[in-house]
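Protein chains in written order, with our numbering: chain R, 1 to 379; chain Y, 1 to 431; chain V, 1 to 291.
One or more hints might be untrue.
[Claimed, not checked] Examples of chain Y residues lying across from chain V (beta carbon under 10 angstroms, computed): (1) Leu56; (2) Ala104; (3) Leu111; (4) Phe125; (5) Trp182; (6) Ile298; (7) Val300; (8) His371; (9) Ile374.
Hints are computed from structural coordinates only; laboratory data are not their basis. Since this is a predicted model, take the numbers as computed values, not measurements. Even glycine gets a Cβ: it sits at the ideal position worked out from N, Cα and C.
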Amino acid sequence: MSKRQVTAGAIVALALGYGIAASAASAGEIKIGMVTPVTGPAAESGKYAQIGAKMAIEEINAAGGVNGNTLTLVIEDDQTTNPGAVAAFSRLASQSDIAVFLGSIRSTQVDAMSPDIMKVGKPVFIGGTAPQLTHQGNQWLFRCRPNDSYSARVIADFGVDTLGLKKWAIVHSTDAFGTGGMNALTAALKTHGLEPALVQGYPNQSPDFSAVVLAVKSSGADIVGSYFTFENDLGIFSKQLKQFGIQAKWVGSPSIATATAIKLAGPTLNGTYGIADFAADSSPEAKAFSAKYESIAHAIADNFSSWTFDAVHIAAKAMADAKTTEPAKVREAILAIKGYKGVEGTYNFDQNGDGLHGYNIVQNEGGKIVFSKHVDYND
Amino acid sequence: MTTGSSKAALAVPLLLAAAAASVILPLVHPVNGYLLNLFMQAATYAMAVLGLTVVLGYAGQISIAQAGFFGLGAYGLAIGTTVLHLPFIVALLLGVCVAGLLGAVLGASTLKLGGHYLAMVTISFQQILTLVLTNWISLTNGPDGIRNIPRPSLFGISWQDSDRYLALCLVVLYGVGAFVWWLKGTKLGLGMQAVRDNELAAEVVGVDTYRVKVTAFCLSALLGGLGGGLFAGGFGYISPDQFSFGESVVFLTMVLLGGADAAVGSAVGTALLILLPEWLRFLKGAYLAVYGLAVILIMVFMPTGLWGVLSRLAGPPRLRDRGAPEVLTLGDPEAAAKGGLLLEIKGLAKHFGGLKALDGVDISVERGKVHALIGPNGSGKTTMLNVLSGIYRPTRGRCWSMASRSPACRLMNWPPPGSGARSRTSGCSIA
Amino acid sequence: MAIFLQLLFTGIGIGAVYSLVALGFVLIYRATNVVNFAQGEFAMLGAYLMVVTTQDLGLPYWAAILISLAAMGVIGALFNLGVYYPLRHRSFLPVVISTIGASILLTNSVLVGYGPAPESLAGMFDFPGFQIAGVFLDSQYLLIIGVTILLVAFQYFFFEHTLLGKKMQATSQDKEMASLLGIPVARMIMLTFIYSAILGGLAGILVAPILFVSVGLGSQVALKAFAASIIGGFGDVTGAIVGGLSLGIIETFGAAYISVPYKDAFAFLVLFGFLLIRPQGIFGEKVAQKA
């Protein structure tokens, strides 16, 4: 009797699943599926990502759509977890009329979704920066942000060549992003013939960074290179750096230059440098995007919204170039895109699916993020 | 487990049919990938939750570390297949054994602890495990996780396809479910329930409560590890953040929601808590808040869990009609005729500091006879019984016993018994 | 030497944070024999209430604190009615799960209502701190330590020397006996929850300038605070303080001299050790079962 009830429940769930999955696209419509955090710790960034994507869709539809069809966005919540991302993606994947997908900015979630992406065989645009994502043999991943091998090289080159500082302390989060960044930065410093004086990891959501800051002090480093995942941690670290009188220069991963970081850490971030995949003043396209974004979202544009904006435009361009939504042809069209001026930078897709190969350098001048220059690599 | 015999005869074939149907259905009729993923997650989670049924529902011991054992099984499988290149089954067993071993270790900590102290030990264990999984990068690949975990190829058939893998998981789940259901009525299972209901009484009656508790933890960890290993094969990618304290809480909520002491209840609770967030997707941002509220409401209004509610709907268990109760005789005249001592104690003393509650008591307990212990208030009758039951350690005394498992004699000095040391005496024949 | 002193100060500072939250745990536990897994969320709510009153409503700092703490009292009362009271006769596990559910509910309600962006909260003082002999003393940490000392003194006075305090103590020691003596037990428990919520909210308000205001603020501290109260001796107020300070110091020194990524592990290893060897903690009563 009992198992019958469970089986009955399972049949109901199956029916429900079929019912929900059965909503078909109306004629003249192309659907883009988006896996994004609506709940969970990254919900804030998910909100911005949605705004970026929707902005692009409105622009495209206003200009006549793609091949005469209007674009619509289908959103699924990944709950900021790996199983959540897989569930969200497979839920979208079961809708056969979705042509392309916007995936996650978190590399571990992309890894989790990867088997299902291969199965579905349609283009997925991602924002995760772990370099290995595009080197794992998954031909359906297209990256709309420069990966961390480039970010590390920019940090190292800028610090050593431009600032002329050779004694490095690397401070990084122990999560996947931080560890990957640390590895890339150590390798980049090695090409300059340098060994870091200190490599210090920390666990996310630490309430105190005394031990880390004192380690930096004892190492005698004159420059800090960092990969911080969360602005909370960055804020506490930044304050303590100043309190303990550390004079070293600081070049950080993008989290150092976000609006949230400035709000939390305030004047302690003055004079620090950051590498940013998105900088409002880096190009006319970025400026225009930034102004329009601010009017809609009432917040400063950042890299959560810029890459989804670019991804939608690139998807639309590829589908228009290929004159179809057939996956293999769209894929070829994406790889053929060269010199496309997006807001993150100029896209030249390589055979691995990486579209961008450089970063912007920005500086925090008295609380304002000022664009310094853009660095691109040819490989 | 008190269904009438006629109901049982009907229920078993129905259950088997339903189980078989649920396994065959996805193989025959194509089901979309989203649902396959969902059910596969539900099936593997249910195995871990069944482990909690054993340790929490049956034995009454709190474990908020089940996600840790789940993770150990998952990592055992993942490392075994991707790094050590072991066959799937061997790697699965590796994960399960590691989990079981650590489960026994955790169970060993129950010697002195119970209640929320035990809860804290399990939480600490869980937290330390998560930190090790995240930071021991050379072993576990750290926060990047392990990818490309293969699915097995058994008996010449490939289980690569999701529908086949789901069928495999379901078969294992039903096997585990049957095992847990059967366990309830075994000596071990009854011992666990005795420990849950009243540990002291269980100890007095002769249940080795410590061994029972360690076994319960070990079994629970084994099942958690089994679920975790199959989960890893199912999703193909695992990372440490999937096996954290939060997930342990989810497992615990599933078992409480379903009804802790029923194997079926666990399955129901798991299914509900995995499907519930999916059904609540339409609530978008607010769904986790509603989830939290739902947990509170369920705890308040459904104390025996969903299964408790459902089985009550099916009506109260039918009492077997055994006719008029027979009149029991006091003592056992046949055995008394045979004669013989069961227990003999000389010079028993029990001092509480300066207070001498018992001071040189002799007692002989004969087979089949009724003995009465009488005395004025404060003369030491309860103390005597507590010593004989092993609750108090006597200060002095010698004891001979025909029962090799009498707790008091375990503690005191005694020469080996005379002729025919037999199996245990039950406590009530001393009174 | 300066480094040692700096670490000591920071360790005591963060330890005082744990102590404040642990006090809330201990009070509710003593009164109801229940561990409140939503205690951290009280801190988070207090911090958010301050953000709302100072930034959204623009009230002056002192008025904002008073209003926020009053609101926390109301929340404590509602918490008692909704989460603890219906389950008061049940075993402790359903109540614990219920408090966990409450923690999820509170966290996500704030997330829905206020949004996920972390906020900053101004500290009590404008200047950041003092530099003495190579050691930087953060002014907010000094405030936290000061408040903790005051609070301990206040609690000692209240519980030992006022009638209401003694009634609450009686309730926590033996509910039945207290009820027989004419003490309104349900009301005492309600007061305990209200006070504990206010205490939690105050902890949040004091901590937020350092740790920032985000929905995860509660869980960041709560588990450690719980561990601290067990180390100190569960059910003992002095134990909560000593346990919190010890944990803060162990964590900070462990991070500096052994390993930063594993620093959370030290706290739990110490807890593990205590639970195995001396479960009653430093100050607690022996854990025993009566025959």
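**Request:** Starting from the hint list further up, note which numbers the structure goes against and sort them upward.
**Result:** 2, 5, 8 and 9
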